[in-house]
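2 protein chains.
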Amino acid sequence: MDTNAEIPFEMRLDARAREVETLLRSLLDTHLLPGEIARPERLLAAMRHGVLNGGKRLRPFLVVESAALFGAGARHIEALRAAAALECVHCYSLIHDDLPAMDDDDLRRGQPTVHRAFDEAAAILAGDALLTLAFDIICDDAADNGAAPLPAATRLALARGLARAAGLGGMAGGQMLDLTAQHDAPDEAGIIRLQAMKTGALIRYACEAGAIVAGAPESDRERLAEFGSAIGLAFQLADDLLDVTADAGRLGKATGKDAAAGKATLAALHGPDWARRQLHGLVEQASSLLEPYGERAAILKQAARFVAQRDR
Amino acid sequence: MDTNAEIPFEMRLDARAREVETLLRSLLDTHLLPGEIARPERLLAAMRHGVLNGGKRLRPFLVVESAALFGAGARHIEALRAAAALECVHCYSLIHDDLPAMDDDDLRRGQPTVHRAFDEAAAILAGDALLTLAFDIICDDAADNGAAPLPAATRLALARGLARAAGLGGMAGGQMLDLTAQHDAPDEAGIIRLQAMKTGALIRYACEAGAIVAGAPESDRERLAEFGSAIGLAFQLADDLLDVTADAGRLGKATGKDAAAGKATLAALHGPDWARRQLHGLVEQASSLLEPYGERAAILKQAARFVAQRDR
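Chains as they are written, first to last, in the numbering used here: chain A, 1 to 312; chain B, 1001 to 1312.
Warning: the hint list may mix true and false statements.
Distance ranges between label pairs, derived from CB positions [unchecked claim]:
#1 B:P1186 / A:Y293: 52 to 60 Å
#2 B:P1186 / A:H270: 54 to 62 Å
#3 A:S26 / B:H1183: 29 to 37 Å
#4 A:D141 / B:P1186: 28 to 36 Å
#5 B:S1288 / A:R109: 49 to 57 Å
#6 A:I192 / B:R1048: 22 to 30 Å
#7 A:D141 / B:P1149: 14 to 22 Å
#8 B:D1106 / A:G190: 30 to 38 Å
#9 B:Q1182 / A:L269: 47 to 55 Å
#10 A:A142 / B:R1277: 38 to 46 Å
#11 B:P1149 / A:R18: 39 to 47 Å
#12 A:Q111 / B:P1008: 56 to 64 Å
To be clear, the hints were calculated from the coordinates, so they are not data collected in a lab. The beta-carbon is built from N, C-alpha and C at its ideal position, and this holds for glycine as well.
Make a model of the complete structure from these sequences and hints.
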């Protein structure tokens, strides 16, 4: 039993989600930053629709809790800002992935997707502006009002890491591989690479970013990044497993969707029993990476189990 | 007469264009940066198609020549990198603006647009990945091999300025205003704001970025930004004037396109004579801003005249 087990994990996740949403709401208000000419109402509304839609905020949670692991209390505001920036990138990717030219989804979390609530042009621009805003948030030292302001080199490391996780060699590249995989099925190594890019890179970055904000040494940054990689794999495997096994009613969406779309997944390739064993192994691996931090890492270990065991 | 008038301006512009294109080509090769997992071939090809298409490279020229004004010889490579980053942002905006949901253009500079040469999904992702790459280029201090490496605070100022010029309160916001203007005609103040955001912000930033790279004092940065604003206005006004007056054969594209699309422009509102007087005034204003720099500013003054007098 973890000592922190008295506070249910999901309550803690919710509390962090509310904190980052308050910040996201203030970053998406009508207040102009220096150098901005105007914030067009319709674009702002489309951005809010894509961001303030009640996600679990898992990635921001990982940033903030990874920072807290290294005692970044004085830098909590900066950790939240890095978390908000990452969530802007995650939400931009969902807005663009939902477009008719990509996955063509009308609904996300029971609400119309941005291009359905507005139009395609607004959805494209809202995604573009959110991606841009993410770098603005990280690079804006004028907003730095924490007790321990971030050194410029730390901000740069955050921005560079985010760019690399999100771009050509990370998430955007992974989405391209996912699109081509639908008519040119990848082999097992190809599936692993695709998933490491499309969903893994941002989750890995979330954990590493917390360590960067906290000013943790290089070896700890690397350890947290590896932890992030393990739970990124678990996240995707749990998702694929649900698609194979879940009953559609509990999941709240159609199952068997991957197979129908011709998407090869590891869970489909090796079967649900293999996938469950893998998930167990990934949680073990993630937890053992955090052993050096003892009880302080209890929350992050819970996060690893949560990611692997989620049933929707 | 400028002392540098012996070298025709367009030759100088071409030479700088080739220099930045060499860098862009190397940034878009198959070489993986640390942290990148793979560079998917099709995405890379779509990005190259959108970037290496023979533009005038006016914005990169302004970055490099503004840096050179402050004697940034030792930082020439860094000025080129900032210029390449800005060009990535400019090209991403063209790729997304050309999409069917936006301006729906099949051709750009006589070549198929990215969504015509590839498909819409590839064009959306190529734009996303170029925008992301721009911040990677600026924030990557590992690539710093100049004689006078950029301080981290300088890189941060470049990244923040780029984000603010390109995002919600700048270029992306301007594109949204442009789309809404087609069925809700703005007044004169609205047209000016729209243009300052859609095309002005990046040109203003180009000139300011050069001063930032060179480590120029705040007052010079502000002066160069104002110079950029003046030529940004001239750039748009010359464009609008051509649409009203040029003969379609010389322009190589249809004229009267703005009026047909219901786009209000200042040249259409006040007539060509007014527009020509304004252009003359803007070039005067831009040149007088550079008076303190004497003959060293001759190239940038030529750039202002070039922008105002271009006939295609």
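We went through each hint and held it up to the structure:
1. Between B:P1186 and A:Y293 the Cβ separation comes to about 57 Å, which falls inside the hinted range of 52 to 60 Å.
2. Checking the proposed 54 to 62 Å range against B:P1186 and A:H270 shows it holds: the Cβ atoms sit about 58 Å from each other.
3. Take A:S26 and B:H1183: their Cβ atoms lie about 32 Å apart, and the range 29 to 37 Å holds.
4. Between A:D141 and B:P1186 the beta carbons are some 35 Å apart, a value that agrees with the proposed interval 28 to 36 Å.
5. Separation of B:S1288 from A:R109 is about 56 Å and conforms to the stated range, judged on CB atoms against 49 to 57 Å.
6. Take A:I192 and B:R1048: their Cβ atoms lie about 27 Å apart, and the range 22 to 30 Å holds.
7. Between A:D141 and B:P1149 the Cβ separation comes to about 20 Å, which falls inside the hinted range of 14 to 22 Å.
8. At about 33 Å, the beta-carbon gap between B:D1106 and A:G190 stays in the expected band of 30 to 38 Å.
9. Checking the proposed 47 to 55 Å range against B:Q1182 and A:L269 shows it holds: the Cβ atoms sit about 49 Å from each other.
10. Range check, A:A142 to B:R1277: about 39 Å between beta-carbon atoms, so the 38 to 46 Å window is met.
11. The supplied range of 39 to 47 Å is met by B:P1149 and A:R18, whose beta-carbon atoms lie about 42 Å from each other.
12. With their beta carbons about 58 Å apart, A:Q111 and B:P1008 fall inside the hinted range of 56 to 64 Å.
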